[in-house]
Structures are given as C-alpha cells and as structure tokens.
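Undergrad: When you line the sequence shown up against my numbering, it's residues 891 to 1525, in that order.
Derived from the structure by calculation, the hints contain no laboratory data. Certain hints may be false.
Just the calculated beta-carbon pair ranges, DEER-fashion [stated by the list, open to error]:
hint	residue 1	residue 2	range
1	1125	1182	24 to 32 Å
2	1364	1070	25 to 33 Å
3	1010	1045	45 to 53 Å
4	1082	1015	27 to 35 Å
5	1364	1045	38 to 46 Å
Cβ coordinates follow ideal geometry from the N, Cα and C atoms, glycine included.
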Amino acid sequence: MKKLDSNTNLVMFTIGGNDVNFSDIVSQCFMIGMRDPATCRQNIDGANSKLPRVKKQTLDILQAIDNRLDDNAQVVIVGYPRLSSKDNFTLRDNHALWTDSYNAGAAVRKLGDDAKVIQSDLVSEWNKSHPSLKVTYVDGVINSFDGHEPDPSFPLVNPHRWINEFFETEGQEDQNGNTHAKTSWDSNEFYHPNLIGHEEIAKLIEAKVGVPSIKSPKSNGEDIDIAFVVDSTGSMDSNVEAVRSKIHSIAEETSKKALSYRFALVDYKDHPQYDPKNYLARTDVAFTSNISALDAGLSSLTYEGGNLGNTNASVYSGVMQAVNMKWRNGVKKIVVVIGDAPPRDPEPGTGYTAASVAKAAYDVDPVSVYGIDTGQLNSTSFQTLVTSSTGTTANASSPDQVSDLVNKAISSELNKPFAWIQGPYVAKVGDPVDIDAAASHAVSGSLTSYEWDFNGDGVYDETGTSPRITHTFTEEFSGVIGLRVTQSDGQTAVATTQVDITDDGDNTPRDQDNCPDVSNWGQTDYDNDGIGDQCDPDPGFPTQDKPGVCVVGENCPPDSGTPSTQPTPAPSGGSTPTPAVTTEPTKAPTAAPTSTASKRPLPNTGINANRLTALAILGLLTGAAVLHYRRKATS
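Using the sequences and the hints given, assemble the complete structure.
TA: As structure tokens, then:
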C-alpha cells in the first residue's frame, strides 16, 4: 500500500484466492497423487469458513485505498472463474472398513459461485456508504469462462480451456478454436489464466469500465513532476528569494496546463574541502503538491559556503540528488537548476561528469534538465548535460526574470509530445521481443516518427512510423532501451524502460538459478533435490493416485463399498456444458520437457487507457497488498 501514489486514479486487482488457500484446493482436489476426498473436503470447508473474513479484509483494504487517494479515484475488482469444467467429479477413497466419497467438481464450482456473491455484496455495501471512492466489480468472469475451465479428469484436458491445466502454460487458440499450450513444470503457472484467458478478462474489464478517449491527454494536459535544484551559496540569496515569492503563482500557472503536478526542492553548495559550511547536496522537500510546504522549504535555505571567487559548485550532485528521488511512473519529469556557477567536471569526491549524470537522468524514463543561469552556470559541460536530456538553458539577467523563466521551462516540457514504452521486458538471447510504445501521443498535431535505442547509449538504432517494433537481442544485456518520438511541429520526447536479456530467459542470477539453462522464473523444485522442476529429468511429481483413491465413473472398481454419509454439495446454478475432451496434449508428467518456452513480453492483461495509473496485481494477498501501478497503456 505504501507504493500507491496519492495521485493514482485507478487501482485494479483480484483478491481473496490466496486467502482461502486456492493452491491447496487445486492440488488436493484435482492433482493425481495428491487428491483425496477427505483432504479436498477439508480445504473446501476451510475456504467457505474464511469467506466472511476475506470480505472484511477486502473492505479494510478498500478503506486504506480510500484514505490514500483523491476523491475522483476508482477501484476495479475483477472476479474469479470457476476452477472445474465439471459439476460431477467425485473422488472416492476405499478404506478397509468404509468408503469416503466427495463431489469435488460441484464443491469447487459452488465455492466460486459463493465467492462471487460475497464480492458482489461487499462492493455494493462499500458503494452505498463510501461515495468518494467508486468501486466497480467485474462480475462477468465466472459466466464468460463457463465451459472453458480446466477438466479435472486425468489425463484429459479441456480443448477449449482459458486456464492453464497442470504441466502447461501459454495456452493459445488455433484457427479451429482449440487451445494449444506449451509444457511447463512450474507450478506457479498451473490453474491461472492462459493467454486466451487474459485476453478475455481484458475484454470484460474494457466493457465494464470503458476506455477514455485518445484525445483526453491532448485537451486536458499532462501530469508532471518538477524538482527545483538550487545553488544555496551566498551569491544566490536574491535569485532564490525571487522564486519563493512567486512560488504560488508558479503553481497556479502549472495547474492551468497540467492534469496534476508535484514539486520537490534540492539545494547544493560545493565540496566541503573548499569551505567547512559546504555540502554537496541535500533534499529539502520531497515531492509534494502542497505548495506551502515548498514555500517553507525555500524559506529554510541558508546562503553560505561556496568557494573563493565562486568559480564552481556541486551542480552534478544537486542534479543526481533529484534524479534519485521518488518520481511518479508515467509522468513528465523535469529538473530546473537555478545557479550562477558551473559544475566541476569531473566533480571531486563523486566523479560525476556530464555524461554520467545525463545517463542517470535517461535511465529514469527520463528526466529533462533545464538550466536558469543567473551568472556563469552555463559552461560547456553543463550545456552537454542539458542538451543530452532534451532540456534548455535560459539566462536571467536579474532576479525578477527567474520566476518567468521557471514558468517557461515547465510550459516547454508540457508542450512536448508524450513518449512511453510498455515494459519492463525479460527475454532470452536470440528470441524476438515485441516492444510496444502505443501509449505515446502528440500534444499538438500527430507523431511523425519513432526512433529506437536498443542498448541505452542514447544513439538511435532504428527509425520508423509505427509505435510497435520487434527486435532480437543477440547478446546478454541488462539496462534500459530508449524511444524518441517526434510530433508534427518538430518537438521531441524520450522514454526508457528496463530490459533484461539473459542466457536462459529469466532474470535469476546464474549462480542462484536451479535451472541455469532453462527459463523458470518461479524456481519451483517439487522434490527439493536442488534441480528446478523445469529442467529436472525426474521432478518427482506423482504419476498415480494414493492407494484406494479413485474417481467415480472413471477408474473406480465396480464395487467400491458403502458410500460415505458426507453430504455432496449441490451443483451450481444454471446448466453447465461438459466440454469435449482430447488426449492431446496429456497432463501426464512422464518426462521433463525437451524444449523450453521462450520468454516473451507479457500480454497486456489490463485496461487500455491513457490515464489509468494503477493496474494492480492479480492474486493480491490480503493484509500484504503491494499495488504496482503504471499510468499509460493505450493501443
């Protein structure tokens, strides 16, 4: 929850599955060698008993979100599908003295139905009593997936499944409507939506929530974070005071052009070796939309230190202090340096140079550096930094000009196009990577070109007119890739995102990877032999049921004794089609896979929109909610 920015306007998640021990239900009710009626019943009963608590915990999470976000924010809760395609899948255990039977198929389906009712009720209760934060429940998942759930009957699979069954991943639909999947021994993949399922969930979200107009960012402005980096040595008093006296009007001007804004304040002096009162840089005000806090921060500065003759200052440390602050994801970012002395290049003590600071600014998606020179700030090295970061420098001949130049710098950035690369990406050397920059847009006119930097060196390797490109990395790489977009009036903007290209397609360090030559992000090891399941010739998964356990109508002997008196759950409402089955591919764990699935960019499972800032995680753990949010994702 701490990672949820207060300016977030959409939070989306599923919740509750892990709280009712979803993975135990799947393994104890459906997986050969682990399933049996008693344990399945115990897990289902336990899950049912936990549903009221999950409801309360979900309401607590909604309250925490409401306390953190503005009144115009929205939450979307996405429902779950059922986890069995069959209403009648009865486990039997033939003991020496009695027989225990349990209809796991009906019980699991009913649990899904009951969870839907609980979630629908809690959303209704919330919206009646909390008008400030609207919560939307995407309840169509359970019906949309009906007939596309996993087939619990080993070794058969549902040929029209939208959920990974055991020992598979990345299911896709062929031209005949049948699902084909890749082999996977990573249990983290089992019984989660496959590629088809993710696409179907995205459609439901889009239909329920809608997609804002593509014109909205042009007409309503952009979001921006602005960090003031000011020289606080003795000669700068009047110049910084000129900014402080106009800071409220600067904020007012910014609010006319931006959807949202935040300000931060960093000051710098020089290396302590030149004056004991010096320090390289410090943060005075973290990012805030509270202008009074920024005003107070500017008022608190002390103007002392420096060096004899005011020949240089620790400008680079000031910029780096700002670059390393907590910027919002997916907003325009600028540093406004106000100073009268140039940087030392390299800077004593830190070794910073124009090139290293520009690279750091580039890597954070990126930060544009603007300079307001009240004396001799604009040296050749400082101009290199500014130009490399797509900023500009302006000269202030008197303190009265400083605030106007600040406004011009902010306006200049807001008039640029918006560049965005969907990411991050993890892939294997030699595998094609589909890179998506469709959220980029022009502020004026249209985008005319997309330039791609595939190694993060600031040099553009390929130019085109499409926001999507496929690139194959021929060697290992960990860093950012870049994009520069140009709009009709010639103005440009830059975006970066993290890319990890590894020898095996996951980003677990090789010396810690239990399958160093195979992509296995989950690092699962069922038999705990130190060899990951994905590359283990014998991962140890059971191949037959426990003694006495069978499935009625499939592999139980004709006479299985006296049925248990344990009640069997009533079938879920509505007719349930029993899908046709196929024996290819089989779920039988007979051998380790001979080929591995190449790592590809994860499909966009969330809503496509211009200002949706918090596409949160699937499988959110109640009580440990970590909301990962991104702002832009358009197609």
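Undergrad: Identify every previously stated hint that the structure contradicts and give their numbers, smallest first.
TA: Those not satisfied come down to hint 3.
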